[in-house]
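A.B. asks: Listed below, chain by chain, are the residues.
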Amino acid sequence: MLASTHVPNAAGRFGPFGGRYVPETLTHALEELAAEYERAAAEPSFHADLAALLKHYVGRPSPLYHARRLSQHCGGAQIYLKREDLNHTGSHKINNTLGQALLTRRMGKPRVIAETGAGQHGVATATACAHFGLECVVYMGEEDVRRQRPNVFSMKLLGAEVRPVASGSRTLRDAVNDAFRDWMASAATTHYCLGSVVGPHPFPKMVRDFQSVIGRETRNQCLEQIGRLPDLIVACVGGGSNAAGMFYPFIDDPQVELLGVEAGGRSTKPGDHAATLCFGSPGVLHGSYSYVLQDDDGQTCDVHSVSAGLDYPGTGPEHSYWKQTGRASYTSIRDDEALNAFDTLARTEGILPALESSHAVAKAIELAGQRGRDAVIVVNLSGRGDKDAAEIARLRGLEF
Amino acid sequence: MSSIDTLFTQLRSAGRKAFMPFVTAGDPDLDFTAEVIRRLAAQGCSLFEVGVPYSDPIADGPVIQASFTRALGHKIRLADTLATLGGVTPEVRTPIVTMLSYAIVWRHGLERYVAEAKAAGAAGAIVPDLPVEEAGPLAEICRREDFSLIQLVTPLTPRDRARRIAEQATGFIYYVSVAGITGERATLPPEIVENVAWLRSQTPLPICIGFGISRPEHVRMLAPVADGLIVGSAIVRRIGEGAAKSRAQVLQELEAYVGELLAAMTG
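Chains as they are written, first to last, in this note's numbering: chain A, 797 to 1196; chain U, 96 to 362.
Calculated from the structure, these hints are not laboratory results. Misleading hints may appear alongside valid ones.
[Stated by the list, open to error] A partial selection of chain A residues facing chain U, derived with a Cβ cut-off under 7 Å:
id, residue
1, G815
2, V818
3, P819
4, E820
Virtual Cβ for every residue (Gly too), placed ideally from N, Cα, C.
Based on the sequences and whatever the hints tell you, model everything.
C.D. replies: Structure follows, in structure tokens:
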């Protein structure tokens, strides 16, 4: 079966994946959101408003940068970096939050809630809310509050309230749970700005669409700068929003190989990684049917990654669909490999990548050495690494 | 006819209402869960909802979520819960329904879940994260097996949607009193009464109200319009807080609390 770009269907299905497995209390809010999004997406003025914001406020298009010293270091393929780290707020997350903030305004809701893992989506949501004058509450696992302090402080400076989540594993998955709980009681006045291509319909489709600006720009930039499409595109996958936005505009270009890189953590043992598509199985989590790391009773597994943004036991249903159809493939990179890639990129190119993005960089470094010098690899550098400096210092026993 | 249909037929002809406690399976352990069911059944409760612990219960408030975390901490598995139900159902006449996430039903297999729950004596299931659009395959199996699939209607459910839900549901309709998560509330919105009255005009199924109910005044307000009332967090909290007390004492306190609500129901 070939992957189609005409997904999901009206029920939110990407092949068998996706759907809407939520309490009845939320179905009304989701239907309302899906209808508003379809109306907005059909209006040229909505796209014009968003494009203007992305250009003048975010600084798009983000550059496609030929990393010559990194490529030389690898001794093979030419590596290009899609510089989402240069966006306002330092990651790709702002592409989505501005789109959803525009929708929130259309729906006349004064309040926005969000979950965050690494804090990048939290900061991007807080930023969009400040820009539009919306009240903002961000749920964040206590463990992530600890390891991503700079982002917690930024969110507060931007006027958002950060609510630490102490239940379960105290990471991204628990932050999602608490955001849904808030929304159960508040949907009449509140929009839930979900940060990845996960959750119930219409989130996986809507977030993919907002993030697809990454892939559309990359496609044009490749044609302009290289004169052809790349051979391989590499992106990290937790929930999978930067990868979905990068891959989607290339789905109908079969000559472009698409590779998602998950968090391999410490080892391949259950609980030691967050490589859902590599080691999980189809199941239901957070409102959609997709690959999940679960036990044979259907309980979600605890996961581990050095990177808070990839530390999630589920993944977007469209990634499950691309895996099933073979259009994209998925692999993993361990914590130590990601940290090495962080150093390599810092020292060869003068760029500090986010630990999330470092997983994609690590895989690209590995594969570049195995390919010829005229091969082209694009890495989605989804975020910058300043936020990780303190955590890296802690891991290495260095003073920050 | 399932045992739930029989129960409500009998209650209706006697002019009585069902009092339906929710308990989390395996909190603090399954023997205690079974004992709570026996004791409260003897006291006059009509139906039990047994919550199967789940790692990510997005519809549940902190009290039930914490009970799930405690139970899962003891490695409670679905097979253990069903084995316990299999032991207790022959001893009590009240129907027992399982309340569990679709994540668990899916992983277990739809057919297999219904077969095993039925074999354990369960009369039906409430799957709170399975809305009407996604419930088709499970509803079909449940109908064929005469295993009730109880579905939820909330204050936010549009009326045409409520009709669709009522058509697919079996056993009874679970009317959610408030928009939000499970948990005790000081007061409940008065429009529940009107909403339930409308729903009653649309379906012959019994209508039971849950979420937030914890006080005698709630019971007095809602019992007249409902076929049954569901009390969850208030019971689960008492069990959770009982960790430092003797089990006999926790059971006694539960009986005193349930007795108060049962009195409000008939009084």
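A.B. asks: For every hint, state whether the structure bears it out.
C.D. replies: Consistency of the hints with the structure:
1. G815: holds (6 Å)
2. V818: holds (6 Å)
3. P819: holds (4 Å)
4. E820: Constraint on E820 (chain A) satisfied, holds at 4 Å.
In summary, this structure violates none of the numbered hints.
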